[in-house]
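K.L.:
The lines below spell out each chain.
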Amino acid sequence: MTGLAYLTVAEGAELLRTRKLSPVEWTRALLERITSIDSNYNAFLVVTADKALAQAKAAEVEIAKGQWRGPMHGVPYAAKDIFDIEGMATTCHSKIRKDHRATSDAFVVKKLHEAGAVLLGKVALHEFATGGPAFDLPWPPARNPWNRDIHPGGSSSGSGAALAAGMAPAALGTDTGGSVRNPATCCGIVGMKPTYGAVSLAGVFPLTYSLDHVGPMTRTVEDNAIFFHALAGHDPEDPTTAKRETPDCLKDLKSGLKGVRIGVIEHFYKEDAEADPDQVRAIEQAVVLLQQLGASVKTIRLSPLALWTDCNRTIHQAESYAIHERDVQERPEDFAALTRNRLLPGAFVSAAKYIRAQQLRGALCREFAEAMRDLDAVVTLSSLLLPCRIDDPAAIARTYDQQCRLVFNVTGTPAISVPTGFTDSGVPLAMQIAGRAFDEPMVYRVAQAYCEAAGTCIGADGKTQPRLVATTRTAAE
Amino acid sequence: MSDASKNPETVRLLAERHGLSKALKLFPDGVKAAAERGLKPLGELPKGTTSINSPAPIFNPARFVSEK
Chain A
1 MTGLAYLTVA EGAELLRTRK LSPVEWTRAL LERITSIDSN YNAFLVVTAD KALAQAKAAE
61 VEIAKGQWRG PMHGVPYAAK DIFDIEGMAT TCHSKIRKDH RATSDAFVVK KLHEAGAVLL
121 GKVALHEFAT GGPAFDLPWP PARNPWNRDI HPGGSSSGSG AALAAGMAPA ALGTDTGGSV
181 RNPATCCGIV GMKPTYGAVS LAGVFPLTYS LDHVGPMTRT VEDNAIFFHA LAGHDPEDPT
241 TAKRETPDCL KDLKSGLKGV RIGVIEHFYK EDAEADPDQV RAIEQAVVLL QQLGASVKTI
301 RLSPLALWTD CNRTIHQAES YAIHERDVQE RPEDFAALTR NRLLPGAFVS AAKYIRAQQL
361 RGALCREFAE AMRDLDAVVT LSSLLLPCRI DDPAAIARTY DQQCRLVFNV TGTPAISVPT
421 GFTDSGVPLA MQIAGRAFDE PMVYRVAQAY CEAAGTCIGA DGKTQPRLVA TTRTAAE
Chain B
1001 MSDASKNPET VRLLAERHGL SKALKLFPDG VKAAAERGLK PLGELPKGTT SINSPAPIFN
1061 PARFVSEK
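Protein chains in written order, with our numbering: chain A, 1 to 477; chain B, 1001 to 1068.
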């Protein structure tokens, strides 16, 4: 079997269900590929090869008996090392957590286990899901498969790298100010931040209490919808999860855009901040394509991007400092410089400023809900700029807030990053599609229609795959 | 309040009050930059939002009853 590296979840699931592919074969091929190329990309912190092969074998036996559990049965995935997995360290890519051992699985890991998915290992992140690609930690930062010298995005950097390099077809990420969608943008993959409360946060090391989201990361929109379904649902152990049935995101996925009403939040990247011309050109072409596909499109206005940024960052600073206060006070030298610089401002945020940010959040959420009254979805940029060099901390700090993702952490509404093409030098470009709370089906529908027509997702055809640095050729290729 | 971050003595006093003496000693520039960011006031609130509006998360005692 060739092409296993870039096999999608949807294709793989069908091959597994019909027993044309064994989960063991798929898993083994990906493990070999990880061994062959990951020393160049540092996506994985730990590879759980024995466990993966045992899970794959169990899936193979069950499927052979006709006990197919669903589309994630026998499908390999990777988990950002911020999710608890019983018996393993949840390091959060930090020296501070090196000796930790989780005593149970995160709720979403349990759900994936019940769905029969196969864990390949735990992947890199920006320390504690903040900071940036740091070189002063026990593990090196993940590298971007499109160009090892540029930032892979974060904080779910290993997830993005593993997907783009064909080392996993699905990966778990988390997103507080864009940490699923940023690596999706930089690595040319698909990353969804679902509605706050759609997916449990239990067993996930927090960055903040009210902005964190668990999100599925994949190479295609359809795969993302499949993966989202396996993760979503009420968790009695997590009071933030909603007691509602997860909507069927696959039913209308390929229904097209006829009659769909889309707003374009253009002022974020044309007035409020300076955006890279390639990013702007790509989203403008995407908007034309959405119209050609039958959507009605109009420009809309929200509060200036700077106000959304202030709101997100104030809440982020205060809540993350509350989590890390003792370590920042007692062992500041044990954090990476980029992480420490992100956590320290929280010490100086007053209670009054935090409350005002929450009041502002209420006002901004009402404003967005009002704007969505006669719309089905909105589109805007994800990153305003192209990814900078991975080894330039000043550029990383400077460009940290040059983005439109944090808007949807403030509103808690679903937002997906989808690829819109490449620069002439091969750097991935992307835009966001966002929707109403719990309307993931519409966000996926718009994303699917766009990506299918634009042909921008990484595919098995080889036309949209990064040229990787490999030491040996593997079965997955 | 944001002007406070420009005065090194004020930053030192605030940092010490927040238990950041070690961080200040090891990373003085980082603490100074953090004070600037943390003390920076929020942007102008949208029309109709004032200090007596309810914040986004509202305390709900019933939640604790239904949790278990």
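Don't take each hint at face value.
To be verified - Derived DEER-like restraints, expressed as beta-carbon distance ranges:
id : chain 1 : residue 1 : chain 2 : residue 2 : range
1  : A       : T423      : B       : P1046     : 32 to 42 Å
2  : B       : E1044     : A       : V288      : 41 to 51 Å
3  : B       : P1046     : A       : S350      : 40 to 50 Å
4  : A       : A369      : B       : E1044     : 35 to 45 Å
5  : B       : S1054     : A       : A453      : 20 to 30 Å
6  : B       : E1044     : A       : T103      : 27 to 37 Å
7  : B       : P1008     : A       : K243      : 27 to 37 Å
What the hints assert, rightly or not - Below, in silico cross-link-like pairs of lysine-lysine (DSS-like), each with a Cα-Cα straight-line distance of 30 Å or less:
id : chain 1 : residue 1 : chain 2 : residue 2
8  : A       : K258      : A       : K270
9  : A       : K270      : B       : K1047
10 : A       : K95       : A       : K110
11 : B       : K1047     : A       : K98
12 : A       : K95       : B       : K1032
13 : A       : K298      : B       : K1040
14 : B       : K1022     : A       : K111
15 : B       : K1047     : A       : K95
16 : A       : K20       : A       : K98
17 : B       : K1025     : A       : K270
18 : B       : K1040     : A       : K98
Hints in this document: simulated from the structure, not taken from any laboratory.
We treat Cβ as the ideally placed atom computed from N, Cα and C, and that holds for glycine.
K.L.:
Taking the hints in turn, state whether each one holds.
P.N.:
Cross-check of the supplied hints:
Between T423 of chain A and P1046 of chain B the beta carbons are some 36 Å apart, a value that agrees with the proposed interval 32 to 42 Å. In this structure, E1044 of chain B and V288 of chain A break the distance hint of 41 to 51 Å, their C-beta atoms being roughly 35 Å apart. Look at P1046 of chain B against S350 of chain A: about 21 Å separates their beta carbons, and that is not inside 40 to 50 Å. At roughly 21 Å, the beta-carbon separation of A369 of chain A and E1044 of chain B lies outside the given 35 to 45 Å, and the hint is violated.
Look at S1054 of chain B against A453 of chain A: about 44 Å separates their beta carbons, and that is not inside 20 to 30 Å. Range check, E1044 of chain B to T103 of chain A: about 47 Å between beta-carbon atoms, so the 27 to 37 Å window is missed. At roughly 52 Å, the beta-carbon separation of P1008 of chain B and K243 of chain A lies outside the given 27 to 37 Å, and the hint is violated. For the proposed pair K258 of chain A and K270 of chain A, the alpha carbon gap of about 28 Å is at most 30 Å, so the pair holds.
Between the alpha carbons of K270 of chain A and K1047 of chain B the distance comes to roughly 23 Å, so the proposed pair stays at or under 30 Å and holds. Distance restraint check for K95 of chain A and K110 of chain A: the Cα-Cα separation of roughly 26 Å lies within the 30 Å cut-off, and the hinted pair is therefore satisfied. Proposed proximity of K1047 of chain B and K98 of chain A is contradicted: the alpha carbons are some 48 Å apart, above 30 Å. Proposed proximity of K95 of chain A and K1032 of chain B is supported: the alpha carbons are some 25 Å apart, at most 30 Å.
Between K298 of chain A and K1040 of chain B, the direct Cα distance comes to roughly 35 Å. Violation of the 30 Å bound is thereby established for this hinted pair. Straight-line distance between C-alpha atoms of K1022 of chain B and K111 of chain A comes to about 43 Å, which puts the hinted pair past the 30 Å bound. About 46 Å separates the Cα atoms of K1047 of chain B and K95 of chain A, which puts this hinted pair outside 30 Å; it is violated. Restraint check for K20 of chain A and K98 of chain A: not satisfied, since their Cα atoms lie roughly 41 Å apart, outside the 30 Å limit.
Distance check on the hinted pair: K1025 of chain B and K270 of chain A sit about 43 Å apart at the alpha-carbon level, beyond 30 Å; violated. Taking the CA atoms of K1040 of chain B and K98 of chain A, the gap is about 34 Å. The hint is violated against a cut of 30 Å.
When held up to the earlier numbered hints, the structure conflicts with 2, 3, 4, 5, 6, 7, 11, 13, 14, 15, 16, 17 and 18 and fits the remainder.
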